[in-house]
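Undergrad: Read off the chains here:
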Amino acid sequence: MKRSLAFVGCAMLGATLCACAGCHRADHRARLIAIIVPSEDNPYFKAEADAAAARAQSLGYRVRVDAHDDDAYRQDNLVDAAFASNAAAIILDNAGSEASIAAVRRATRAGIAVFLIDREIDATGIAKAQIISDNDQGARLVAAAFARAMGAKGDYAELLGRESDTNAQIRTHGFHAVLDQFPHLKLVAAQSANWSQQEAFQKTETMLEARADIAGIIAGNDTMALGAAAAVKSAGRTHIVITGFDGSPDAINAIHRGELQATALQPAVLISRLAVDEADHYLKTGSTGEPEKQIIPCDLVTKNNADDYQNFEKIR
Amino acid sequence: MNSAAGSISQPSRAVTASARLVLLLLRARAVLVLVLLIVLFSALAPEFFTANNLSILTKHVAITALLAVGMTFVVLTGGIDLSVGSIAGLSGIAAGYLLTQGIAFGGVAHYPPVAIVVLLSICVCLVVGGLNGWLVTRAGVAPFIATLGTLYIARGTALLISNGKTFPDLGDTAGRGGTGFSAFGQRFVLHIPTPVWMMMAVFAIAWILAAKTPFGRHVYAIGGNERAARLAGIRVGQVTLLTYLFSSACAGLVGLIIASQLEAAHPATGESFELNAIAAVVLGGTSLMGGRGSITGSLIGAFVIGVLAVGMVMLGISEFWQMVIKGVVIVLAVAVDQLQARLQSRLLPFLAQSDQGAGR
Numbered sequence: 001m002k003r004s005l006a007f008v009g010c011a012m013l014g015a016t017l018c019a020c021a022g023c024h025r026a027d028h029r030a031r032l033i034a035i036i037v038p039s040e041d042n043p044y045f046k047a048e049a050d051a052a053a054a055r056a057q058s059l060g061y062r063v064r065v066d067a068h069d070d071d072a073y074r075q076d077n078l079v080d081a082a083f084a085s086n087a088a089a090i091i092l093d094n095a096g097s098e099a100s101i102a103a104v105r106r107a108t109r110a111g112i113a114v115f116l117i118d119r120e121i122d123a124t125g126i127a128k129a130q131i132i133s134d135n136d137q138g139a140r141l142v143a144a145a146f147a148r149a150m151g152a153k154g155d156y157a158e159l160l161g162r163e164s165d166t167n168a169q170i171r172t173h174g175f176h177a178v179l180d181q182f183p184h185l186k187l188v189a190a191q192s193a194n195w196s197q198q199e200a201f202q203k204t205e206t207m208l209e210a211r212a213d214i215a216g217i218i219a220g221n222d223t224m225a226l227g228a229a230a231a232v233k234s235a236g237r238t239h240i241v242i243t244g245f246d247g248s249p250d251a252i253n254a255i256h257r258g259e260l261q262a263t264a265l266q267p268a269v270l271i272s273r274l275a276v277d278e279a280d281h282y283l284k285t286g287s288t289g290e291p292e293k294q295i296i297p298c299d300l301v302t303k304n305n306a307d308d309y310q311n312f313e314k315i316r
Numbered sequence: 317m318n319s320a321a322g323s324i325s326q327p328s329r330a331v332t333a334s335a336r337l338v339l340l341l342l343r344a345r346a347v348l349v350l351v352l353l354i355v356l357f358s359a360l361a362p363e364f365f366t367a368n369n370l371s372i373l374t375k376h377v378a379i380t381a382l383l384a385v386g387m388t389f390v391v392l393t394g395g396i397d398l399s400v401g402s403i404a405g406l407s408g409i410a411a412g413y414l415l416t417q418g419i420a421f422g423g424v425a426h427y428p429p430v431a432i433v434v435l436l437s438i439c440v441c442l443v444v445g446g447l448n449g450w451l452v453t454r455a456g457v458a459p460f461i462a463t464l465g466t467l468y469i470a471r472g473t474a475l476l477i478s479n480g481k482t483f484p485d486l487g488d489t490a491g492r493g494g495t496g497f498s499a500f501g502q503r504f505v506l507h508i509p510t511p512v513w514m515m516m517a518v519f520a521i522a523w524i525l526a527a528k529t530p531f532g533r534h535v536y537a538i539g540g541n542e543r544a545a546r547l548a549g550i551r552v553g554q555v556t557l558l559t560y561l562f563s564s565a566c567a568g569l570v571g572l573i574i575a576s577q578l579e580a581a582h583p584a585t586g587e588s589f590e591l592n593a594i595a596a597v598v599l600g601g602t603s604l605m606g607g608r609g610s611i612t613g614s615l616i617g618a619f620v621i622g623v624l625a626v627g628m629v630m631l632g633i634s635e636f637w638q639m640v641i642k643g644v645v646i647v648l649a650v651a652v653d654q655l656q657a658r659l660q661s662r663l664l665p666f667l668a669q670s671d672q673g674a675g676r
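Residue numbers (our numbering), protein chains in the order written: chain F, 1 to 316; chain X, 317 to 676.
A portion of the hints provided could be inaccurate.
Stated by the list, open to error - Label-pair distances were calculated between CB atoms; the ranges are:
1) V355(X) x A190(F): 55 to 65 Å
2) Q294(F) x R454(X): 54 to 64 Å
3) F421(X) x A152(F): 48 to 58 Å
4) G472(X) x L59(F): 40 to 50 Å
To be verified - Not everything, but these chain X residues come out facing chain F in the computed CB check (under 7 Å):
5) I372
6) T482
7) P484
8) I574
9) Q577
10) A580
11) T585
12) E635
Unchecked claim - Covered stretches of chain F, going by a simulated chain X footprint (3 or more residues, C-beta under 8 Å):
13) 64 to 70
14) 73 to 87
15) 101 to 114
No lab work stands behind these hints: they were computed from the structure.
Note that CB positions come from ideal geometry on N, CA and C, so glycine has one too.
Go ahead and model the full structure; you've got the sequences and the hints to work with.
TA: As structure tokens, then:
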């Protein structure tokens with residue numbers, strides 16, 4: 001028995017040595033940039049993560065992509081892991097404007113430069129940069145397109161995002177800053193569908209049932225707009241104006257098919273590249289060369305220019 | 317045929333020794349898996365086996381370990397506690413509310429000191445734990461259903477208290493007269509993070525309870541055969557209630573640690589933590605049927621899950637693969653558990669001859 005144990009021990013040691021021989025050249029590895037996004041199964045966050053990873057690799061960094069699933073505690077653990085791996089910088093799409101402050105501060109104190117993309121935190125002077133898309137401007141663009149498609153008159157419904165989410169509030173505020181100026185556009189129903197396609201489908205079905213005169217639906221994001229479009233289709237209704245927000249590939253296809261009229265494209269790919277470029281600049285010179293808060297305008301996508309956009313990026 | 321019969325009646329020393337070794341390895345499988353994982357990750361990721369990372373790792377493990385150790389007694393009685401994740405969320409929100417809103421008293425908000433906040437939050441969790449225990453012992457609701465119900469009740473209550481929002485700035489309570497809630501989960505004592513100290517303390521208490529007190533023996537007895545335990549004069553209801561209270565208190569501690577680390581309390585904190593805790597308990601060799609298992613096993617199980625999670629993140633393994641691998645490890649652990657039970661009964665004749673036996 002002792003001999004067997006000794007054998008197991010030797011085998012383990014051997015395995016360790018072999019494996020270490022393999023990773024020895026890793027001592028002079030490139031610096032690490034950790035990319036942390038909310039999820040990898042959502043096209044928006046996937047595009048954002050992929051763009052950042054590709055840019056960082058082309059600049060000669062090692063990258064690692066992780067998802068925090070909108071769980072601030074998981075985000076905290078991932079920041080710790082980046083710290084333990086001696087990451088030089090973190091590109092972070094955070095898990096909550098208030099719940100993320102402590103994690104960003106801890107990383108910064110540990111000497112890791114944090115670059116926030118897509119969502120802000122409620123504190124300045126901690127992150128090296130906060131690069132976000134202009135939700136208010138995007139919302140106004142979409143609302144103007146919505147009003148045009150409605151012919152500036154008629155009853156409409158609104159699908160709001162998750163009420164605790166700042167972006168949901170900014171978008172609905174932007175919508176109404178434009179729509180409330182049209183006296184003949186009347187909001188007859190407003191419901192939160194929590195950014196969810198399935199929930200938007202159910203809420204829209206109910207709203208169409210209750211108010212047969214609804215001529216337009218303005219949604220806080222694309223997934224809800226697509227849910228609404230599916231409900232409109234299954235109800236056998238036509239000529240209902242639907243707009244979304246985000247510029248997802250699915251929404252752009254739906255615009256091609258005429259199921260959606262417009263969406264605001266958030267330049268996720270551009271933002272990711274900017275963040276990595278500024279991280280690179282910061283790591284080399286000690287400054288990003290830009291102000292901390294950078295707000296990047298959204299693009300309006302309609303049937304006229306839908307061919308110009310692909311995967312959260314303007315390609316022409 | 318003849319030779320086989322001969323070897324059973326007169327097993328050679330080599331056969332006995334190897335049978336013992338097989339059983340020893342099977343019984344110590346959680347430790348073996350843990351050692352193997354640590355060796356593997358240290359070899360593949362140069363930053364893994366550093367004091368810095370091990371400190372961070374243990375801090376992460378403390379969360380799962382506290383939940384798992386807390387739940388072990390419940391599982392040993394043959395029950396389960398699905399509500400621990402929600403209770404953790406509720407305790408964080410309770411603390412966040414008390415720290416930021418205070419207690420309205422005579423029209424003025426009074427901000428209680430951190431120690432009181434911690435105690436009150438744990439009390440809120442004990443209420444939920446008491447409800448679990450009451451439902452299981454008095455109302456006769458199956459533990460799975462009872463705690464599934466309180467999972468929703470506790471989560472909904474947390475959302476109601478905060479109205480779905482986050483309580484921010486919990487670390488900075490100087491303006492409200494509080495003193496440093498952030499120290500609770502962030503400070504280091506003798507270079508060891510406070511959550512790790514709490515894990516060690518709770519583990520020590522649970523280990524003593526399980527191994528050295530009548531309470532521990534009663535828990536095992538209830539899980540082994542509840543009817544027999546009742547007939548033997550054990551107060552089954554009381555003991556079971558206590559196991560749920562212990563579990564909820566541990567979950568409350570976890571919620572407070574997380575709120576302190578994040579310096580913010582979010583009502584969704586702790587979603588699906590119960591699954592990690594159950595996985596750790598099962599990995600540690602505790603049977604979901606009750607009656608068999610150990611506190612130490614759950615601690616090791618928590619370490620396996622924690623090491624796996626941190627190691628895979630450091631290696632940059634895709635999140636989807638991480639989920640698959642974690643699932644495979646859990647299923648394998650239970651499969652090996654069954655194998656052990658079967659092998660043990662089959663190898664018994666070989667071991668019966670030896671003086672020491674391997675029943676322990």
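Undergrad: Next step is simple, just say for each hint if it's right about the structure.
TA: Consistency of the hints with the structure:
1. As the Cβ distance of V355(X) to A190(F) is approximately 58 Å, the hint placing it in 55 to 65 Å holds.
2. Between Q294(F) and R454(X) the CB atoms are about 60 Å apart, so this pair conforms to the stated range of 54 to 64 Å.
3. Restraint check, F421(X) to A152(F): a C-beta distance of roughly 55 Å satisfies the suggested window 48 to 58 Å.
4. At roughly 47 Å, the beta carbons of G472(X) and L59(F) sit within the given window of 40 to 50 Å.
5. Checking I372(X) against chain F by beta carbon gives a least distance of about 5 Å; that is within 7 Å, so the hint holds.
6. At a threshold of 7 Å, the smallest CB-CB gap from T482(X) to chain F is about 5 Å, leaving the interface hint in force.
7. Of the supplied interface hints, the one on P484(X) holds, with its beta-carbon coming within about 4 Å of a beta-carbon of chain F, less than 7 Å.
8. Taking 7 Å as the C-beta cut-off, the interface hint given for I574(X) holds, the closest approach to chain F being about 5 Å.
9. Taken as an interface hint, Q577(X) checks out: its beta carbon lies about 6 Å from the nearest beta carbon of chain F, inside 7 Å.
10. At its closest, the beta carbon of A580(X) sits 4 Å from a beta carbon of chain F; the interface hint therefore holds under the 7 Å criterion.
11. Hint on T585(X) holds. Least Cβ distance to chain F is approximately 6 Å, under the 7 Å limit.
12. For E635(X), the interface hint holds, the least distance from its beta-carbon to any beta-carbon of chain F being 5 Å, beneath 7 Å.
13. By the rule of at least three residues with a Cβ nearer than 8 Å to a Cβ of chain X, the coverage given for the stretch 64 to 70 of chain F holds, with 5 such residues.
14. Counting residues of the stretch 73 to 87 of chain F whose C-beta lies closer than 8 Å to any C-beta of chain X gives 10; at least three are required, and the coverage claim holds.
15. Three residues within the 8 Å Cβ limit are the bar, and the stretch 101 to 114 of chain F against chain X gives 3, so the coverage statement holds.
When each numbered hint is compared with the structure, no violation occurs for any of them.
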